[in-house]
Amino acid sequence: MESKYFIEVAYIIASTLFIFGLKGLSHPKSARNGMNLAAMGMLVAVVGTLLHHEIVSYVWIIVGLLVGSLIGSVMALKVSMNALPQRQAISLAFGALAATLVGVAEYMRGGAELGSFKMTALGFEVLFGSITIAGSLIAFAKLQELIRGTPLTFKGQNIFNIALFTFTIGIFISLIFSPGNEIMFYVMIGLAFLFGLLLVLPIGAADMPVVMSLMNSYAGLASAATGFALKNNVLIIAGTLDGFSGFILSILMCKAMNRSMTNVLFGAFGGAAEEQQAIEGVQREVTVDDVAVQLAYARQVVIVPGYGLATAQAQHTVRELAETLEHRGVIVKYAIHPVAGRMPGHMNVLLAEANVPYSSLYELEQINPEMGATDVSVVIGANDVVNPDARDNPKSPIAGMPIIEVDKSKQVIVLKRGKGRGFSGIENPLFFKPNTGMLYGDAKASLSKLVQAVQQA
Amino acid sequence: MSVDILISSLYVFVLAAFLGYQIISRVPPLLHTPLMAATNAISGISLVGSLVTAGAEHSTLSTILGVIAVIAATINVVGGFTITERMLKMFQDKLPSDSKDKKEEKNS
Chain A
1 MESKYFIEVA YIIASTLFIF GLKGLSHPKS ARNGMNLAAM GMLVAVVGTL
51 LHHEIVSYVW IIVGLLVGSL IGSVMALKVS MNALPQRQAI SLAFGALAAT
101 LVGVAEYMRG GAELGSFKMT ALGFEVLFGS ITIAGSLIAF AKLQELIRGT
151 PLTFKGQNIF NIALFTFTIG IFISLIFSPG NEIMFYVMIG LAFLFGLLLV
201 LPIGAADMPV VMSLMNSYAG LASAATGFAL KNNVLIIAGT LDGFSGFILS
251 ILMCKAMNRS MTNVLFGAFG GAAEEQQAIE GVQREVTVDD VAVQLAYARQ
301 VVIVPGYGLA TAQAQHTVRE LAETLEHRGV IVKYAIHPVA GRMPGHMNVL
351 LAEANVPYSS LYELEQINPE MGATDVSVVI GANDVVNPDA RDNPKSPIAG
401 MPIIEVDKSK QVIVLKRGKG RGFSGIENPL FFKPNTGMLY GDAKASLSKL
451 VQAVQQA
Chain B
458 MSVDILISSL YVFVLAAFLG YQIISRVPPL LHTPLMAATN AISGISLVGS
508 LVTAGAEHST LSTILGVIAV IAATINVVGG FTITERMLKM FQDKLPSDSK
558 DKKEEKNS
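Top line first, the protein sequences correspond to chains A and B. The opening residue of the first sequence carries number 1 in our numbering; numbering runs sequentially from there. The opening residue of the second sequence carries number 458 in our numbering; numbering runs sequentially from there.
Quick caveat, the hints were computed from the structure, so don't treat them as lab data. Where is the CB? At the ideal position from N, CA and C, for every residue including glycine. Warning: the hint list may mix true and false statements.
[What the hints assert, rightly or not] Quick list of simulated restraints, FRET-style, between CB atoms: (1) A:R328 with B:D550: 36 to 44 Å; (2) A:V47 with B:D550: 32 to 40 Å; (3) B:D461 with A:H53: 18 to 26 Å; (4) B:K546 with A:A445: 28 to 36 Å; (5) B:K546 with A:Y440: 43 to 51 Å; (6) B:D550 with A:N435: 42 to 50 Å; (7) A:I183 with B:V471: 49 to 57 Å; (8) B:D461 with A:F154: 47 to 55 Å.
[To be verified] Straight-line C-alpha distance at most 30 Å; calculated DSSO-like pairs for lysine-lysine: (9) B:K546 with A:K78; (10) A:K395 with A:K444; (11) A:K155 with A:K78; (12) A:K433 with A:K333; (13) B:K546 with A:K419; (14) B:K546 with A:K231; (15) A:K408 with B:K546; (16) A:K333 with A:K231; (17) A:K449 with A:K395; (18) A:K155 with A:K255; (19) A:K255 with A:K408; (20) A:K333 with A:K419; (21) A:K29 with A:K4; (22) A:K333 with B:K546; (23) A:K408 with A:K395.
[Claimed, not checked] Computed footprint of chain B on chain A; a stretch qualifies when at least three of its residues, placed anywhere within it, have a C-beta under 8 Å from a C-beta of chain B: (24) 189-201; (25) 335-349.
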């Protein structure tokens, strides 16, 4: 009995440390200390749990902890910063898997004896869990380019999904009244998994920041539901914190694209691209030497990175270029759009990896008033986030999305792999403006050529 | 009894939700990726549920499920905290060379 109180005290300490830990993330300076507190909280919770009276054998627990720690640390240490979104997606799937398996094991133990409260909690647990497993795996496959990043759709998809969802919820409700119906429990898990697959398959790669946040939220809610089922408050608290963090991030991401959550989830973005009219005009191609001269004699240069920076792994070369310019007295700023990259904050981490100080990273609202006073904007592998159609053309699929207004700077240089439309398939009139120069080719190669050319300018 | 537990659990849930909202809205976009990795690691707390399932020896199948759950949750916890630390280590205020330059200026 005493162990019970000891465990509860451990959980209260753990919950407090988690909260302080997340509070630390409000500033980069306090963030590392905060995370140490949170990790300590996790240790306290785990050690406390090991005293649980139901635990009779430690052999498999130790094996599991060792195997998990090994895989987890190898994954975390080996992964490149460019592949962060993939790691996050697979990690969400693991978390949801754990919650779902605990739910299944609890169900097997309780079966027909389960009270309606516990059955409801278990139901939410396995529903959120299996949707997250399926959704995160698809997101992982898309990010890793195992499957195509473009939206996959079929006719009547939304109706099918809604029917599937309603049917799954129907089974869930029936289980609350007759929890003994085992087959239905497993059918429900299977259907929720299918729903998760179908939910993320039609979402395009450019919308991944929203998907990642949403899956984050579901994974947290699955943990919170586990807490309800096991009457465990630390699970409820930690799961809810995670769930709400993901929820807030998905709302922020949707706002940054001026789209509703429903539109992201059911809009199959990019499918409408064929209906657009092609823009008349020519794209002006420029050479490395022209660009180098413009940059070298500019007063202020703004660099706008996008996912192309990550795929080209060009963050270090960008920093080199920026440093070379700064040595010449040019002011260099980085403009980060909230949905640039494939997960929230992706670009910030990449630039931090390349030793760019965070004081030169500017948010959308901070940098836009300065665009008029900027001599050259350099767009690296970004497209929609600088598309002036979002501001000017109410018929554009991305109308109303806040953009970084590079077109207001005196010159715009766009680094791009080829002449294609990019991931979303939307035409970008920026590329056809007279003050825009296109520099085609691999971003990293172009940038290192630029560094040399600027040094000689 | 069951109703009491439901109500107290809901209290915890609702308060945690408000607290979460307050804390998370203060995290700057700069740190959104570390935030996701960190909350993901913290939600690996479902590890404590998995531990009990793995060690309770209710049945062979539930032990197997429990062990797999322990592995998956541990990957999340250890991996999540490790990568968050890796990321946060990289965020710095000024370039190291800059601060040196400034010190030299002060000295001279």
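Here is how each hint holds up against the structure:
1. A:R328 with B:D550: 36 to 44 Å: violated, 23 Å
2. A:V47 with B:D550: 32 to 40 Å: Holds, since A:V47 and B:D550 (Cβ atoms, about 36 Å apart) stay within the stated range.
3. B:D461 with A:H53: 18 to 26 Å: holds, 22 Å
4. B:K546 with A:A445: 28 to 36 Å: holds, 29 Å
5. B:K546 with A:Y440: 43 to 51 Å: violated, 36 Å
6. B:D550 with A:N435: 42 to 50 Å: violated, 34 Å
7. A:I183 with B:V471: 49 to 57 Å: violated, 35 Å
8. B:D461 with A:F154: 47 to 55 Å: Taking Cβ atoms as reference, B:D461 and A:F154 lie about 48 Å apart, which means the hint holds.
9. B:K546 with A:K78: Answer holds: B:K546 to A:K78 is near 16 Å, not above 30 Å.
10. A:K395 with A:K444: violated, 35 Å
11. A:K155 with A:K78: Measuring from Cα to Cα gives roughly 41 Å; hence the hint is violated.
12. A:K433 with A:K333: Cα-Cα ~23 Å, so holds.
13. B:K546 with A:K419: violated, 38 Å
14. B:K546 with A:K231: Violated. B:K546 to A:K231 sits at ~37 Å, over the 30 Å cutoff.
15. A:K408 with B:K546: Given pair A:K408, B:K546 is violated - Cα atoms ~36 Å apart, limit 30 Å.
16. A:K333 with A:K231: violated, 50 Å
17. A:K449 with A:K395: Given that 30 Å is the threshold and the Cα spacing comes to 39 Å, the pair is violated.
18. A:K155 with A:K255: Holds, at about 28 Å.
19. A:K255 with A:K408: It holds: about 23 Å lies between the C-alpha atoms, which stays within 30 Å.
20. A:K333 with A:K419: It holds: about 27 Å lies between the C-alpha atoms, which stays within 30 Å.
21. A:K29 with A:K4: Judged against 30 Å, a Cα distance of about 37 Å means the pair is violated.
22. A:K333 with B:K546: Measuring from Cα to Cα gives roughly 22 Å; hence the hint holds.
23. A:K408 with A:K395: The hint holds at about 21 Å.
24. 189-201: As far as the stretch 189-201 of chain A goes, the hint is violated, because 0 residues have Cβ atoms under 8 Å from chain B.
25. 335-349: holds (count 8)
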